[in-house]
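Residue numbers (our numbering), protein chains in the order written: chain A, 1 to 205; chain B, 1001 to 1218; chain C, 2001 to 2222.
Read the hints as simulated data drawn from the structure, not as lab findings. Glycine is no exception: its CB is placed at the ideal position from the N, C-alpha and C atoms. Among the hints, a few may not be true.
Stated by the list, open to error - Ranges between beta-carbon positions, derived for each pair:
1. 1112/B - 2121/C: 33 to 43 Å
2. 1195/B - 17/A: 48 to 58 Å
3. 2121/C - 1035/B: 27 to 37 Å
4. 2221/C - 68/A: 25 to 35 Å
5. 2203/C - 1034/B: 35 to 45 Å
6. 2221/C - 84/A: 42 to 52 Å
7. 1031/B - 166/A: 47 to 57 Å
8. 1040/B - 2104/C: 23 to 33 Å
9. 1005/B - 112/A: 19 to 29 Å
10. 1031/B - 189/A: 48 to 58 Å
11. 2061/C - 21/A: 50 to 60 Å
To be verified - If you want a taste of the chain B side facing chain C, the calculated C-beta under 8 Å gives, among others:
12. 1149
13. 1154
14. 1159
15. 1169
16. 1207
What the hints assert, rightly or not - Calculated lysine-lysine pairs in the DSSO-like style (CA-CA distance at most 30 Å, straight line):
17. 1006/B - 135/A
18. 2062/C - 76/A
19. 1006/B - 128/A
20. 2218/C - 3/A
21. 64/A - 2062/C
22. 192/A - 64/A
23. 121/A - 1006/B
24. 192/A - 165/A
25. 128/A - 3/A
26. 135/A - 1156/B
27. 121/A - 3/A
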Amino acid sequence: MIKIGADSVTKRFGEHLLFRNLAFSAESGESFYITGANGSGKSTLLQILAGIQRPYSGHVTWEKNNVTIIPDDYLKYSGFTGPQVNPYEMLTALENIEFVSGPDVDLHNVNELLERFGIYKERNRQVKFFSSGMKQRLRIINAIINDPPVIFLDEPGSNLDVEGKAILYSFIENLKPGKIIFIATNEPDEIKLCSRGIVLDDRYL
Amino acid sequence: MTGIYKNLRKDFLVEFRNRSAVNISFAFAVITTMSISLVAGGTSFEPHIHAILIWMIIFFSGMNGLAHTFIREEDEKNALFLRLAYSPEDIFISKLLFNIIFFTGIISVICPLYLFFLQARPLIPQLFIATAFSGGLAIASITTILGAMVSKAGGKGSLFTVLSFPLILPVMWVSITNTALSIEGAESADYRNVLFLIAFSGIIACISYLLFRYIWVE
Amino acid sequence: MKIHRLVYILMPLVIYMSFLWAPSAAILGDASRIIYYHVPVAWVAVIAFIVAGVESIIIIIKNDEQSLMREERAYNTTLIGLVFTILALVTGAIWANLSWGSYWNWDPRQISIVILLLIYIAYFSLNSALEGNESKGKISSVYLILAMVVMPLFVFIIPRVYDSLHPDTIINADKKMHLEEAMKITLFTSMGAFTLLYIYIYNIMNRISAVKIKIREKRHAL
């Protein structure tokens, strides 16, 4: 059972204030959306929650069974994907997945996911030949391959066609029980996947 | 351990599939060596001059290629992907090993070519080889951490050379002196300087290992 | 702790002592008086460097709200160090010219001061290239720590491996200084005065930095 909390989280880049005094929490079994206008700081907030960036002030706390986890370990318990997370173009899809896979993953899991997301046939092609939609599917696979208890998705549906989105949404529905899922998005369908969330608007400036 | 191995393998695959980057580094080394030998046109040089020329070529070949391993991650936008997958320590060691292997390769190309075309024959070949590789080791050690810094600073142009030069100069100084001694076969030539270079590399590598995460992680 | 204010008294005293009180040296004559400026200035350059390194280590170890102020302090001391390195180089060159006939002699000591200068300059290049980057302070600190480790290795090889025209420095423990009493007193007083001067300037620069940071914080709180 994992619980993630944000307390008075403020972020600014130099003189520019992104948001201020955010406070919320989520725990296993919940899905949480982050939405807001372009540039409102959705991706940044997601990265702060994942421990990739640090807040200007305020705290993010992770607890596993009521024991606090240190920020350096957050990534051990989570999968993260977003537009800035790019697999290696010179490697094949399979090589990229193998690169991020932990020891518990075997080829069977990998092939299963590749099939599920419809890029099994292209698994041995270099990513530089992938379309943006195929890259996005690969990104999602990379985030979930290690079956992490926490999943961060930054605009997961971008570049996906109708079929791709359908696969993604049904997959997320299946993941929900027992995991915490954060989705940063502007897509109404993706917001609907979540039980609650936060809108980054003037309230937080 | 596996983390380091997987990263090394990944770096080699990426660099060698994108053959232009590796090719350019080696081509630079070859071309510079050849240019100097053509320009020298058969003049015979003192051992000291040979030592200086060899290390100048080695230095600039290094400046050309050693920062690449980190700058590529930023340029190709793989940095976050990498950051998510492995600990800073694993990443640093694999990049360091990559640079050492790569630079050893470069030096292995430059030295024979130079010696052949400029007809220099080291009278103490073992010392020559030991100095070349230990000096290269030291340069690779310093440039790995500096390459990481420069990649975070946008990796533009000569910042890397500007940062590296003052810190590499002691290495060059020692290497040049020792190389000259090995070429002329002086009696005072010994392996003390080689040991110094190896120790230096070790110290730099240790400190870089400890400090790398403050560069890599926000 | 306003001990650095003593510089108001000490510096004029040193100027008097160096030019009027201390006797002329045997061979160089009045030209030798440059020692009372060259040595302290070089000393301050090294002190500033060490302070920068220590400050950087603290920045890395203790990552808290004070970090911003510490980064400013590291920057300030490096800036002072840069200026004093240039002064050391210039006074050293003048002395070299007076003693050996040319400003630049490929002397290892002269070269090591140039290296120190290049390291400082590289720091400022790195700093400005990192402008706007959140990790600027930490990355610059890593560079200073690295430089602080490399520099002594360098400074200690040079005297051991290569002969130098440079008179043995005070750092060599077994070296006795062949100076008359009055000259020794002047020299040490001068070193004290310049150290106080360093602390004085450093203090003022840090106070300005503290105000800058406060202003920024107030503005952010609005």
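Here's how the hints hold up against the structure:
1. A hinted range of 33 to 43 Å holds for the C-beta pair residue 1112/B and residue 2121/C, which are about 36 Å apart.
2. A C-beta distance of roughly 55 Å is found between residue 1195/B and residue 17/A, which places it inside the suggested range of 48 to 58 Å.
3. The beta-carbon spacing between residue 2121/C and residue 1035/B, approximately 30 Å, falls within the hinted interval of 27 to 37 Å.
4. As the Cβ distance of residue 2221/C to residue 68/A is approximately 29 Å, the hint placing it in 25 to 35 Å holds.
5. A beta carbon spacing of about 57 Å between residue 2203/C and residue 1034/B contradicts the range 35 to 45 Å that was offered as a hint.
6. Against the hinted window of 42 to 52 Å, the Cβ-Cβ separation of residue 2221/C and residue 84/A comes to about 31 Å, which falls outside the hint.
7. About 55 Å separates the C-beta atoms of residue 1031/B and residue 166/A, a value consistent with the hinted range of 47 to 57 Å.
8. One distance hint, 23 to 33 Å for the beta-carbon pair residue 1040/B and residue 2104/C, holds here, with the actual separation near 28 Å.
9. Take residue 1005/B and residue 112/A: their Cβ atoms lie about 26 Å apart, and the range 19 to 29 Å holds.
10. One distance hint, 48 to 58 Å for the beta-carbon pair residue 1031/B and residue 189/A, holds here, with the actual separation near 57 Å.
11. At about 30 Å, the beta-carbon gap between residue 2061/C and residue 21/A misses the expected band of 50 to 60 Å.
12. With its C-beta approaching chain C no nearer than about 5 Å, residue 1149/B sits inside the 8 Å limit, and its interface hint holds.
13. Because the closest C-beta pair between residue 1154/B and chain C is about 6 Å apart, less than 8 Å, the hint holds.
14. The beta carbon of residue 1159/B is positioned within 8 Å of a beta carbon in chain C (closest approach about 5 Å), and the interface hint is therefore held.
15. For residue 1169/B, the shortest C-beta to C-beta distance to chain C is roughly 6 Å, which falls under 8 Å, so the interface hint holds.
16. Among the interface hints, the one on residue 1207/B holds; its C-beta lies about 6 Å from the nearest C-beta in chain C, closer than the 8 Å criterion.
17. This hinted pair checks out: residue 1006/B and residue 135/A have alpha carbons roughly 22 Å apart, not beyond 30 Å.
18. Distance hint between residue 2062/C and residue 76/A is fulfilled; the C-alpha atoms sit about 24 Å from each other, no more than 30 Å.
19. Among the hinted pairs, residue 1006/B with residue 128/A is consistent with the structure: their alpha-carbon atoms are about 20 Å apart, no more than 30 Å.
20. Restraint check: the Cα-Cα separation between residue 2218/C and residue 3/A comes to about 34 Å, which exceeds 30 Å; the hinted pair is violated.
21. At roughly 26 Å between alpha-carbon atoms, residue 64/A and residue 2062/C fall within 30 Å of each other, so this suggested pair holds.
22. Between residue 192/A and residue 64/A the CA atoms are separated by roughly 27 Å; this keeps the pair inside 30 Å, and the hint holds.
23. Between residue 121/A and residue 1006/B, the direct Cα distance comes to roughly 24 Å. Compliance with the 30 Å bound is thereby established for this hinted pair.
24. Only pairs whose Cα atoms come within 30 Å are accepted, and residue 192/A paired with residue 165/A is accepted, the gap being roughly 13 Å.
25. About 38 Å separates the Cα atoms of residue 128/A and residue 3/A, which puts this hinted pair outside 30 Å; it is violated.
26. With a CA separation close to 28 Å, the supplied pair residue 135/A and residue 1156/B stays within the 30 Å bound.
27. A distance of roughly 38 Å separates the Cα atoms of residue 121/A and residue 3/A; the hinted pair therefore is violated under the 30 Å criterion.
Violated hints for the displayed structure, listed by number in ascending order: 5, 6, 11, 20, 25, 27.
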